[in-house]
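With the hints as extra help, turn the sequences into a complete structure.
4 protein chains.
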Amino acid sequence: MHAPHATGHTGNQDDTNEFDLDGDTLREECGIFGILGQTDAAALTALGLHALQHRGQEAAGIVTFDGEQFRSERHMGLVGDHYTDAATLEKLPGKAAIGHVRYSTTGETALRNVQPLFAELSAGGIAVAHNGNFTNALKLRKEIIKDGAICQSTSDSEVVLHLIARSQKERSSDRFIDAIGQMEGGYALIALTRTKLIGARDPNGIRPLVLGDLNGSPILASETCALDIIGAKFVRDIKNGEVIICERQANGEVTIESSMPFGEKPERMCLFEYVYFARPDSIVSGRSVYNVRKNMGINLAREAKVDADVVVPIPDGGTPAAIGYAQESGIPFELGIIRNHYVGRTFIEPSQQIRAFGVKLKHSANRGQLDGKRVILVDDSVVRGTTSVKIVQMVRDAGAKEVHLCVSSPKITHSDYYGIDTPDPSKLLANQYVDHDEMCKFIGCDSLHFLSVDGLYNAVGGVERDPKNPQFTDHYFTGEYPTRLVDLEAEKGNIKQRSMLREAG
Amino acid sequence: MHAPHATGHTGNQDDTNEFDLDGDTLREECGIFGILGQTDAAALTALGLHALQHRGQEAAGIVTFDGEQFRSERHMGLVGDHYTDAATLEKLPGKAAIGHVRYSTTGETALRNVQPLFAELSAGGIAVAHNGNFTNALKLRKEIIKDGAICQSTSDSEVVLHLIARSQKERSSDRFIDAIGQMEGGYALIALTRTKLIGARDPNGIRPLVLGDLNGSPILASETCALDIIGAKFVRDIKNGEVIICERQANGEVTIESSMPFGEKPERMCLFEYVYFARPDSIVSGRSVYNVRKNMGINLAREAKVDADVVVPIPDGGTPAAIGYAQESGIPFELGIIRNHYVGRTFIEPSQQIRAFGVKLKHSANRGQLDGKRVILVDDSVVRGTTSVKIVQMVRDAGAKEVHLCVSSPKITHSDYYGIDTPDPSKLLANQYVDHDEMCKFIGCDSLHFLSVDGLYNAVGGVERDPKNPQFTDHYFTGEYPTRLVDLEAEKGNIKQRSMLREAG
Amino acid sequence: MHAPHATGHTGNQDDTNEFDLDGDTLREECGIFGILGQTDAAALTALGLHALQHRGQEAAGIVTFDGEQFRSERHMGLVGDHYTDAATLEKLPGKAAIGHVRYSTTGETALRNVQPLFAELSAGGIAVAHNGNFTNALKLRKEIIKDGAICQSTSDSEVVLHLIARSQKERSSDRFIDAIGQMEGGYALIALTRTKLIGARDPNGIRPLVLGDLNGSPILASETCALDIIGAKFVRDIKNGEVIICERQANGEVTIESSMPFGEKPERMCLFEYVYFARPDSIVSGRSVYNVRKNMGINLAREAKVDADVVVPIPDGGTPAAIGYAQESGIPFELGIIRNHYVGRTFIEPSQQIRAFGVKLKHSANRGQLDGKRVILVDDSVVRGTTSVKIVQMVRDAGAKEVHLCVSSPKITHSDYYGIDTPDPSKLLANQYVDHDEMCKFIGCDSLHFLSVDGLYNAVGGVERDPKNPQFTDHYFTGEYPTRLVDLEAEKGNIKQRSMLREAG
Amino acid sequence: MHAPHATGHTGNQDDTNEFDLDGDTLREECGIFGILGQTDAAALTALGLHALQHRGQEAAGIVTFDGEQFRSERHMGLVGDHYTDAATLEKLPGKAAIGHVRYSTTGETALRNVQPLFAELSAGGIAVAHNGNFTNALKLRKEIIKDGAICQSTSDSEVVLHLIARSQKERSSDRFIDAIGQMEGGYALIALTRTKLIGARDPNGIRPLVLGDLNGSPILASETCALDIIGAKFVRDIKNGEVIICERQANGEVTIESSMPFGEKPERMCLFEYVYFARPDSIVSGRSVYNVRKNMGINLAREAKVDADVVVPIPDGGTPAAIGYAQESGIPFELGIIRNHYVGRTFIEPSQQIRAFGVKLKHSANRGQLDGKRVILVDDSVVRGTTSVKIVQMVRDAGAKEVHLCVSSPKITHSDYYGIDTPDPSKLLANQYVDHDEMCKFIGCDSLHFLSVDGLYNAVGGVERDPKNPQFTDHYFTGEYPTRLVDLEAEKGNIKQRSMLREAG
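So the sequences go chain by chain: D, E, Z and Y. Each residue of the first sequence is one higher than the one before, counting from 1 in our numbering. Each residue of the second sequence is one higher than the one before, counting from 1 in our numbering. Each residue of the third sequence is one higher than the one before, counting from 1 in our numbering. Each residue of the fourth sequence is one higher than the one before, counting from 1 in our numbering.
Derived from the structure by calculation, the hints contain no laboratory data. None of the values given here were measured: they were computed from a predicted structure. Even glycine gets a Cβ: it sits at the ideal position worked out from N, Cα and C. It is possible that some hints are incorrect.
Derived SDA-like pairs (lysine to any residue); straight-line CA-CA distance at most 25 Å [stated by the list, open to error]:
(1) E/LYS390 to E/CYS440
(2) Z/LYS411 to Z/HIS436
(3) Y/LYS305 to Y/GLY399
(4) Y/LYS362 to Y/SER173
(5) D/LYS146 to E/GLN69
(6) Y/LYS411 to Y/THR483
(7) Z/LYS142 to Y/TYR433
(8) Z/LYS390 to E/PHE234
(9) Z/LYS146 to Y/ASP178
(10) E/LYS146 to D/LEU121
(11) D/LYS362 to Y/ASP178
(12) E/LYS169 to E/PHE234
(13) Z/LYS401 to E/GLU264
(14) Y/LYS142 to Z/ARG171
(15) Y/LYS265 to Y/THR483
(16) Y/LYS265 to Y/VAL306
(17) D/LYS233 to Y/ASP81
(18) Y/LYS305 to Y/ARG166
(19) E/LYS142 to E/SER122
(20) Y/LYS142 to Z/GLY67
(21) E/LYS142 to D/GLN327
(22) Z/LYS427 to Z/THR483
(23) Y/LYS401 to D/GLN327
(24) D/LYS91 to Z/LYS427
(25) Y/LYS265 to Y/LYS142
Residues from chain Y shown here face chain D by an in silico Cβ test under 7 Å; the list is partial [to be verified]:
(26) GLN53
(27) LYS142
(28) ILE144
(29) ASP228
(30) PRO280
(31) SER288
(32) ASN291
(33) ILE338
(34) TYR342
Take a look at the structure:
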């Protein structure tokens, strides 16, 4: 199953780019937020999206409904770049809003793909935003285009919109259920109609979605940190396979209705939400992400005993695990690597001469804590290993006597198809170096350690992996996918172009 | 039939705005241009659109096909603001392109409405741009939305796209004919597929469209001035009701095929193209627009004999008629009013105090030719009369002894529904003042003259109007519409909102 | 005296640029406007500068004084691009303002050169704006730099500021007189202090300056059209060599004081103001510019009798003279060339292929009035002749049987040093072709005619040129300069770089 | 000596702003960087300034010399916003460059104040950039304006430029020494002439400046982190009172010459560089900033023994001290507060309703490490206390049983006059609450602890403060200023307006 991923291999992960500012990480595609029944719904949504910015930095959009009309603002760039002034928010009146931040994976960064997307229905309008990926979106897209539909974007969400528009059901919520019943994959979805805020999570619960409450107004958000920023209360996680319908009744009251239209089964939350994506202060499926990450460091210290002078996190992802590792091992925790807070996402494409100087835009060595020391570096994950090579070298250049790289998650061997941007599997470090010593030599460290799959399961859920019924989504480590991969099989792993139109603005 | 027009009464024509820079004119909605088979097709299209800028200044878009992919750039603003640099044109590679300039009439100036619009068909893509208006677009829009279609814009063109996508025909050109067969109104349409440039004019030929040729590559354009700017040859007018299909064959040759799928009948070109819209250097249906306008002035001098010292055009629209008037009457032609060339479309919204000074942003009086003289002012048309009042006053303030306003077209009494932006009929000067003397008094002139309908027909076509089979479209003067008005009747003249979504960007 | 001009030969007049949108004209450097004692002084100044936009399109600046502080806004671009919104004008409070539009001649388009310039004096601040050129600015600049002054711009105005700052006089108006007493050249200057609006014209009166009045508030402006736009009254021309001091007294009253500190002598107004620069509706030194230009056409018709079918102006400069020519000759006046109103100052730098098509961005032929006809083209002036060549060819391509070019001013043979941007003299048509027939052949016309110097003098002043005491500044035609040329002689005609600093923004 | 500071109290520190994103910190005004003799000098300078961005985020400027001309780019905003593309850097050719980042303290954010500033000298040009503040700049400014100089900016650096320009010395380096000999205060200065890169530190060495080397090319920079980012070697600190002249000789060789024109005395480096300003990975005066801050935490743990469950840093300033405190006390270090990495400097000005929700844009509580715990919060400094109040409340809201605030620096009681932006002394927490218990009550914590002055001295230099000859600049804690305060005394503490001109752009 090492065929190229439908949406996975983008140019930004080109491993020859010395100036790769995002580093060697996987990327979440999206974050979503919706609220029903509050004045300033757009401003609250902008704040919620700001708290979810780590889930997608390329574009942000908000749709509101003001009682008569839907209003939309969609912009490339950060939430803070476009939704911070009164003038913009005044264009988004209304007490109901949904919003979306995304990191693009399709290579086309056009505004037409920025969510939420909107459709006029004969019974009214509907706006939809989603986080995740549908594994049969291409098949459905082809079918509806053949049937005379016009697709304006290359986004999976538009397929959902078309299925809703084409549904024979009467009520918009039934149309919504009708539509997602045809979709497969991993997703969290929110929709806004004239009276309803609707949410749904995929049957496996791969992508997260939580229910919050602000003075009686329901909120749906990807993570609890989006509730915290506006002082909203966390109510509960949306269940895997659940559809939740918040509705503003004629009397102004807001009712919440839940259904499980496709039955119940155990949740299989994506492990990478714990390893990397979710913010450390979020509570995901009842677990503090920070504490889970500390547990990973603790388990790693138990599995990988290294004699050293300092434990140094690779900021910021490795910090909680490094604290756990340091506490468990008794070796002091020190900030041996400093991160530059002003790194944007682009910088000077340097001349060959400047490249040769070994410019360090994102990280710098804190020589005082590295010189002459045996250093344990803790990182959350290693994808292609390119950044690790550079950081190990930087630490050695700062005088470290030994450098040991401890990774608080297992080796990544398989692509994701549920909304995580993964490089071509052949570029993954774990597939390039089967021999552990060679991998270690490539990285340039004195020893190299990965947390075991069971160690990770234990850190998250307290028990080992159940091979018959794995408690989590873990195919990137194990190759066991929780769903069929319809498009990938149909296209023989060769999905390049979704639309014949390429549009800049 | 004086109900408000579906798309006709916009806020910009608010007659209380002292700073109305566009003046008291009607507005054409659009200009279109397409070319097949030339390197730099996008640059040529940008130049063609630049020559058509007078037909629409609000937004401009270009779609190209590069052999594999369609590319699109769409921007609010003038052609010269966005399509002048190599960087933008490099995003539009390919030897085939269509483009569009528009003046918005719907009140929503969103980018999503900027043409050309594009649809993925199962057999390939198609881009469409149009000039004009469909009188049954709303009815069709409702039907296809009810049938599950998703409309992303509020543009009539999108309805055409949906009808093409839904057509059961195989060939894109047949689908195109299928679609326009369902549309009513006045329009010129161009479409671009992977191999074809398609054009069509409505059965009455209300809106113009010409065929040109640049080194063997066919061009379709609203006016001949768009051919002249790039040195292309004028071939012929597209006939009313004609569909023309230019196709790039496998051997690289370009074939041109014409059909009259809905039969033949006499053309009824819109008279306002001659009166105001078309550029004076264009040849419309075989007639030099400049010469036609001079004829109007000549006929006006015959109909309205005024004893005066100078003939002064209201620039720039009234200039050719003023030259004709002066030559016929023997009274000297002088530039008694100077136009400021640097007037943009917005300027300081002045304080009440400054308004009181009587600021003249667009026109100024050339006192040396007005002071102490009996002045004949020649204008092309009068819509609400608001600008005329100000100009007559300005001329008097400059010392004119007498001011006679001669208008080289008849009184406007009815709304247009074929792509011309008309104010609410109740605001038309001719409907506000039935009594000619009162109208003259309102304008403030010593005498007021309009060209007769027969005088206009004679100036354009050489003969009087045939009341049984009018040779031109002339409802704004006569109330006789050349087609049914389906939407207007269905909505009882009350069409306000086309979409539930309002989007700024 | 054909040495290269200090500030005269810029790259934009490169005669190889097929896309030279400004055409083959000379350029005025600047327009100035000031007002004392009106609420909304900045808005009124913006309107005045808008009316003077033809004198300089590259940049515009306004300085106000609000009773406590001077405020400044300076921007590259048109007045209408930057001073049209309430937000900008609110940053410019106060009842006193001066403003400036400029066309750059030094090749450096930096913001730091945009006027008005400002200096802190120990007794208060002073802002200065000027139109014209000082012929000894470089010499003075070197002296004050040697003496420890810091020059921030490359503008002549800054030298004036330094001389004011260094003056030993007490009163700012005396300092002003002290400073301009050291300057030579052709200029109109305005200055704003805490209480005064000061104006001055050079001893010859080469550049124009008029005094206006708006409800008791004095205005100084380059041309009367800047008074007309705001409904202000024209009071009188500032005399050559006059210094006028408008002062707001403690009781709120505004006094006006005039002096002739350098004595009196006859005015020698620049003839090019009449030929090309001033707006046709302006009154310059008591003469209607439009009427003077018509006179030039009349005199030209008398001097150059041509048998032809139509008189066609090259718009817009040639129009008044063409009307005069037509009236005098009895040959009909027709708009045979149409000007595109949407030409900005930049457009697509076309590929070689597109250049070959002979793109016509600015002018187009009105074939209906040219085909088969003997055409007299009337232009206001010919500088290098490059545009004339193209227009004659365009008119021939449109079918003209004969093309006669009649120029309503004499041959230009010498550079200007008083604020007009002239190309290197060797590039002037009149210097490249001494033989008239060869010149005619180069232009491609059947005959070529220039107005005589006496014909021009007669058109402007009613009498011939007095060779002993020429009534106007006319060195571009005659080589007789009204002043010394200090810098030019000192630098042996080789003045390239004024500052060691080059700054983009 | 509690008079308002000349440049110290800006509106951004308004303590009523709930959305104060920069928090309750002091601000450094500037960072500087220069390099002589490297191709791509501008790109290297941009990278160096990027590493110094923490010293000033409001504006950045670079001046280069290309052998013939100086070039300048100056922009409001971050280095990464304006100096990242090839197009900008191509405008800055040359092998010599100096650059500057600044945080504005004067309240006027005009471009004209952005450094480096430039002056033409008769012997050539000179560009100057500085970090710090001159305590007699206003006095000198008044003198030179009285003497006829024109000041274009309100920056202290311009005074230096004028003194250089007015110096009677021949060589630019002697003029430089002549000029700084007249200045008093705390500063690091760099200058660029046609052949030289010059640097200087004030006699007390209050502001830092280091010498680096990149392949034989000398570099001057505020901190060593600017050397690290481009892989340059650290050579040594510039000494207090030293002037260093790097010169490119005719043979291409670069010589370095050092002098102590004003004699030698012990250095008194500003303690706040260690407490807050310098980056933790910088080496300042031979000391690792990170290690010094850890020492502060260790000393604080010894001085302030608190029984608690977790040590939580207030990120990012408090982190090194918190690690030191945790190691010394044995209480676990945990990230109980998470910082949002996407906080820009502006965000939605929220409505009253949203304010009431207690929005947390910058920090959020990590409930899993706070709930039910006794928490020690470690911060680097407390200025007005406003942020502390909010953070303590946030930690309590997250369930903390006890909250103890430990500050790793002494109480701030006095204004700075050497380049640090300090609020009005009356707003300082330490001056508002003399009683420690009341201060603790205001903050809302269970106990409140500040590091003693001796504890700080010990952490930085290893020994206690010598009251007779303090080893560091420490007036903010002690009131003992290292220099005279000329301007402040002359103006009686009331310096509001430096220039009569206010300019936006």
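Here is what the structure says about each hint:
{"no.": "1", "hint": "E/LYS390 to E/CYS440", "result": "holds (13 Å)"}
{"no.": "2", "hint": "Z/LYS411 to Z/HIS436", "result": "holds (11 Å)"}
{"no.": "3", "hint": "Y/LYS305 to Y/GLY399", "result": "holds (22 Å)"}
{"no.": "4", "hint": "Y/LYS362 to Y/SER173", "result": "violated (46 Å)"}
{"no.": "5", "hint": "D/LYS146 to E/GLN69", "result": "holds (19 Å)"}
{"no.": "6", "hint": "Y/LYS411 to Y/THR483", "result": "holds (21 Å)"}
{"no.": "7", "hint": "Z/LYS142 to Y/TYR433", "result": "violated (60 Å)"}
{"no.": "8", "hint": "Z/LYS390 to E/PHE234", "result": "holds (21 Å)"}
{"no.": "9", "hint": "Z/LYS146 to Y/ASP178", "result": "holds (17 Å)"}
{"no.": "10", "hint": "E/LYS146 to D/LEU121", "result": "holds (7 Å)"}
{"no.": "11", "hint": "D/LYS362 to Y/ASP178", "result": "violated (41 Å)"}
{"no.": "12", "hint": "E/LYS169 to E/PHE234", "result": "violated (33 Å)"}
{"no.": "13", "hint": "Z/LYS401 to E/GLU264", "result": "violated (40 Å)"}
{"no.": "14", "hint": "Y/LYS142 to Z/ARG171", "result": "holds (18 Å)"}
{"no.": "15", "hint": "Y/LYS265 to Y/THR483", "result": "holds (13 Å)"}
{"no.": "16", "hint": "Y/LYS265 to Y/VAL306", "result": "violated (41 Å)"}
{"no.": "17", "hint": "D/LYS233 to Y/ASP81", "result": "violated (37 Å)"}
{"no.": "18", "hint": "Y/LYS305 to Y/ARG166", "result": "violated (59 Å)"}
{"no.": "19", "hint": "E/LYS142 to E/SER122", "result": "holds (24 Å)"}
{"no.": "20", "hint": "Y/LYS142 to Z/GLY67", "result": "holds (21 Å)"}
{"no.": "21", "hint": "E/LYS142 to D/GLN327", "result": "violated (66 Å)"}
{"no.": "22", "hint": "Z/LYS427 to Z/THR483", "result": "holds (24 Å)"}
{"no.": "23", "hint": "Y/LYS401 to D/GLN327", "result": "holds (23 Å)"}
{"no.": "24", "hint": "D/LYS91 to Z/LYS427", "result": "violated (56 Å)"}
{"no.": "25", "hint": "Y/LYS265 to Y/LYS142", "result": "violated (31 Å)"}
{"no.": "26", "hint": "GLN53", "result": "holds (4 Å)"}
{"no.": "27", "hint": "LYS142", "result": "violated (38 Å)"}
{"no.": "28", "hint": "ILE144", "result": "violated (37 Å)"}
{"no.": "29", "hint": "ASP228", "result": "holds (5 Å)"}
{"no.": "30", "hint": "PRO280", "result": "holds (6 Å)"}
{"no.": "31", "hint": "SER288", "result": "holds (3 Å)"}
{"no.": "32", "hint": "ASN291", "result": "holds (5 Å)"}
{"no.": "33", "hint": "ILE338", "result": "holds (4 Å)"}
{"no.": "34", "hint": "TYR342", "result": "holds (4 Å)"}
When the structure is compared with the earlier hints, violations turn up for hints 4, 7, 11, 12, 13, 16, 17, 18, 21, 24, 25, 27 and 28 and for no others.
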